[in-house]
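Visitor: Single-letter residue listing:
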Amino acid sequence: MPSYRFRSEKYISRGFKDLAISFKDNPNTGDFGVVKNENAIKQSVRNLILTMFGERPFQDEIGSRVKMLLFEQWDPFSVDAMRSEIMNCLSRLEPRIKVTSVRLRDDSAINSVQVAIDYNIIGESEVQNVDFLLEKA
Amino acid sequence: MSAIPSQLTSLDFFEIKESIKSYLRTRKEFTDYDFEGSSASYLIDILAYNTYYTAFNANMALNEAFLETSTVRDNIVRIAKQLNYTPRSIKAPRACVKLIAQTSVGLNGTTFPEYATLRKGDVFVADNDFDSYTFALTQDIQVPVDSATGRATFDNVLVYQGNLLNYNFTVDYTKKQEYIIPDENVDTGLLTVDISPTAQSSETDTYSPAKNVTNADSTSRIYYLEETDDMRYRIIFGDGSIGRKLIDGEYIRTTYVSTDGVEANGAKGFDFIGNIVDSDQRTISPNSITLTTKDAAQDGEDRETALSVKFRAPRAYATQNRAVTENDFEHIVSEIYPQAASVTAFGGEKLTPPVYGKVYVAIRPKTGNKLNETTKNKIKKDLAKYSVASIEPVIIDPTSFYVIPKSYVYYNGNDTNLTGSQLGTKILRN
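Line by line, the protein sequences give chains A and B.
Note that the numbering used here numbers the first sequence so that position 34 is 34, with each residue one more than the last.
Note that the numbering used here numbers the second sequence so that position 268 is 268, with each residue one more than the last.
Don't read these hints as lab results, they were simulated from the structure.
Do not rely on the hints blindly, as some may be mistaken.
Quick list of simulated restraints, FRET-style, between CB atoms [stated by the list, open to error]: (1) N26(A) to Y49(B): 21 to 29 Å; (2) K28(B) to S22(A): 17 to 25 Å; (3) F132(A) to K28(B): 28 to 36 Å; (4) N26(A) to Q177(B): 58 to 66 Å; (5) I110(A) to L62(B): 52 to 60 Å; (6) E64(B) to S101(A): 51 to 59 Å; (7) S22(A) to R234(B): 52 to 60 Å.
Below, in silico cross-link-like pairs of lysine to any residue (SDA-like), each with a Cα-Cα straight-line distance of 20 Å or less [as the list claims (entries may be wrong)]: (8) K28(B) to N26(A); (9) K17(A) to T26(B); (10) K17(A) to S22(B); (11) K28(B) to G33(A); (12) K28(B) to K67(A); (13) K81(B) to D239(B); (14) K42(A) to D34(B); (15) K17(A) to Y23(B); (16) K36(A) to K21(B); (17) K67(A) to Y42(B); (18) K17(A) to E29(B); (19) K36(A) to E29(B); (20) K36(A) to Y42(B); (21) K378(B) to E38(A).
Owing to the predicted nature of the structure, the values given are computational and were not obtained by experimental measurement.
Positions of the beta carbon are idealized from the N, C-alpha and C atoms, including for glycine.
Here chain B stands alone, though its shape is the one from the complex:
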């Protein structure tokens, strides 16, 4: 009789325990392993538990090593990283407002100030059906003051839901450094990275995000982003060949919007909580500011889910950052415009008569049926970076078909006192 345990792949405690007992049955030293009170049984429990634990751990660890079977977000993101895929961050809803500030006569006592500046930072509060939210302005806006009326008009001011926050690092090559933004709700699209020679210096160099290594040289002011543990983003700078290498002692200033994402969509009724100063550096009183909401908060998105990363990472890798096939167009459009509910792309040669040199992309947004021209132009412009030189992408509206069912209801008149029309009303209501 072989004394080798047979259940090597078992992940069940009792099967493992039985396997150890089976082995002991081939020996004659001990006989009490079948009685639960025996010391042998206690020892077998420990052995079985240890085996079970190790087997479970090995199983779990191996599952987490592959994109298809991993379940922990951090592991999924880590595997996706090998495919050069950075999960989409949470996206701040944006709103458009118009502000008119009435300035007072300048310090000279005769004319109005030359200009007025709307300072960046948290500038508005608005609410939707769920809660009240802060909206931030990412850059100062300066407008001229009307010399006749003294009014400064800030039109089409784009504000983003969230708080405008800063986090700074000093480059120090004497230790291993990681530049991780300590916030999981960062909208990476609104992240700005400025580098100064020292912490005290006012001279700054703004770095831009890079997605690949093409066109990057030793002087490119670029940074790469990747998601790291706990849904935080890590900023990576060049190594001196691909992107400029930072010098020891340089100061990194990051400014970002920490947002509530999709929850804040629909917020309107803006109240001003910011700061407008005139050219004489006098703060304009909130009573002198009138506010009009042009567009309520919209386009906020949750961060990409782990399931979506599992689905998209291999497909993004397949497109190789190039829009060549129809599938590439569909995937890249859904990347650059995450509000798309569905995307279909086809080559112009399939039309009658054929239109060569164009790719048609039909997008159905998550809200509404059609995109406005501004959004279409933005998508087209973003798509141009990926498409083959002579191919022109054309964004078209999808054709929606609405099905209106007509129902004929048969009923037993003996079982109800309702008339046909009353029943019809009830059916429609339910």
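Bound-form chain A, shown alone:
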């Protein structure tokens, strides 16, 4: 039985502070790079979508099928499946946000899919947006 649990309720309206996934150091202090608040959440959203099931040790339920769906035939069904997958994944694993829309655009010229996700951070009205590229590699 996993002993981890979400404690988002406690953190509503608090600041979020996470390590920058690039692991670049601060040129002045030499410390790890840090991302804060909405940028921390943005990074978390990207991380979750780009993690495949089984990638995290002992936590098969963390991640999404999105990377696998990239190799499906690009048609309205697969677009819908990918969209649902993103929404499901974020509603399961990112309790700090509520997704309002997911837009997908096939960019076959560079063998990739453009993803744009709009969401609200819980307790805030401003709509946040994260865009990234899913490459078929």
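On the provided structure of chain A, position chain B as indicated by the hints.
Guide: Same frame as chain A, now just chain B:
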């Protein structure tokens, strides 16, 4: 608040992860470790996994270091080695056959050949309910030919199930050498080790297996056996003080039987596939050979299991290769006669009237109820090597008690149309 992780003995991934999170809660640098998508969470996963891996490895390694808790056979055998215990190898079933070969008139045209030789090697094929098996003869047998009839009779030929194989080594002290027989199904009881001065030399010296260092000196032609990785056996020679040390360039010839063990028990109906030659070196045709099976294949045993090694090694160490107490006799008999299902030993002084100077050993074999006299004598002879000089071991048959239950069955006659005797028959059948 202390920042020291509290779950130091945990072997659960999630407990370790929670412990790291608990530590982070005492710091204010990062706050997102509770969200699965955060980079901190990914890092914590790696840390927890690494800790889990190390903890598991340490636990496993330490468990494997003790006889009581080890589970991997190679490790069990290695620990047993420290107690001078060599696990029993697989044992080839043996069978007894009689061969009569009709020779033809010799090259001189008037008399039959002087003798006939049954060559060692794979000589018979026989089958049981499961499969067909090869049987091997470990030594050449030479018998005189009856000058009147021309018949050569090979009586009581003992053959062992398996293939007779060879493996040779050249002693080379310029490198670190290990003499490991490359076969896991070797019956060590049938292993022969011959040493020649060179590979080309026909002069051989047969070495015998030794179990301890007593009576061994610098010229003793002995070798020690120990099980090594993957159930293979390693041959170890003396160092010049305890047993003769081999000289650089000497040639080691090992001959062994690679057997199927217990699976081949019960094989009978032997067919000859070997080679018999007469004194004129002419091969006798298979049509001129008649074959009688005297004893079907029996006494084959599987190799000693890891569980058995764990049980026996400390007890073998306790006996110190000496049959002194009743328990020593019981243990040593079960070692020298592995077909024993149970062994009980008691001193003659416990009998009425007392018989001093004797130890009685009752053996119940795995098959049948009693041992035959030949086996009893063999066990007695083997046991004499271990027992105290003035004590005579006596092998006796155990007393078997057969319990015949008499059952009274009550039944409701309204629930069945069967009669009492019909019901009785059904109950007996089930």
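Visitor: Taking the hints in turn, state whether each one holds.
Guide: Verification of the hints:
no.	hint	in the structure
1	N26(A) to Y49(B): 21 to 29 Å	holds, 27 Å
2	K28(B) to S22(A): 17 to 25 Å	holds, 22 Å
3	F132(A) to K28(B): 28 to 36 Å	holds, 30 Å
4	N26(A) to Q177(B): 58 to 66 Å	holds, 60 Å
5	I110(A) to L62(B): 52 to 60 Å	holds, 54 Å
6	E64(B) to S101(A): 51 to 59 Å	holds, 57 Å
7	S22(A) to R234(B): 52 to 60 Å	holds, 56 Å
8	K28(B) to N26(A)	holds, 18 Å
9	K17(A) to T26(B)	holds, 15 Å
10	K17(A) to S22(B)	holds, 16 Å
11	K28(B) to G33(A)	holds, 15 Å
12	K28(B) to K67(A)	violated, 35 Å
13	K81(B) to D239(B)	holds, 19 Å
14	K42(A) to D34(B)	holds, 16 Å
15	K17(A) to Y23(B)	holds, 16 Å
16	K36(A) to K21(B)	holds, 19 Å
17	K67(A) to Y42(B)	holds, 18 Å
18	K17(A) to E29(B)	holds, 7 Å
19	K36(A) to E29(B)	holds, 11 Å
20	K36(A) to Y42(B)	holds, 17 Å
21	K378(B) to E38(A)	violated, 88 Å
Checked against the numbered hints listed earlier, the structure breaks hints 12 and 21; every other hint is satisfied.
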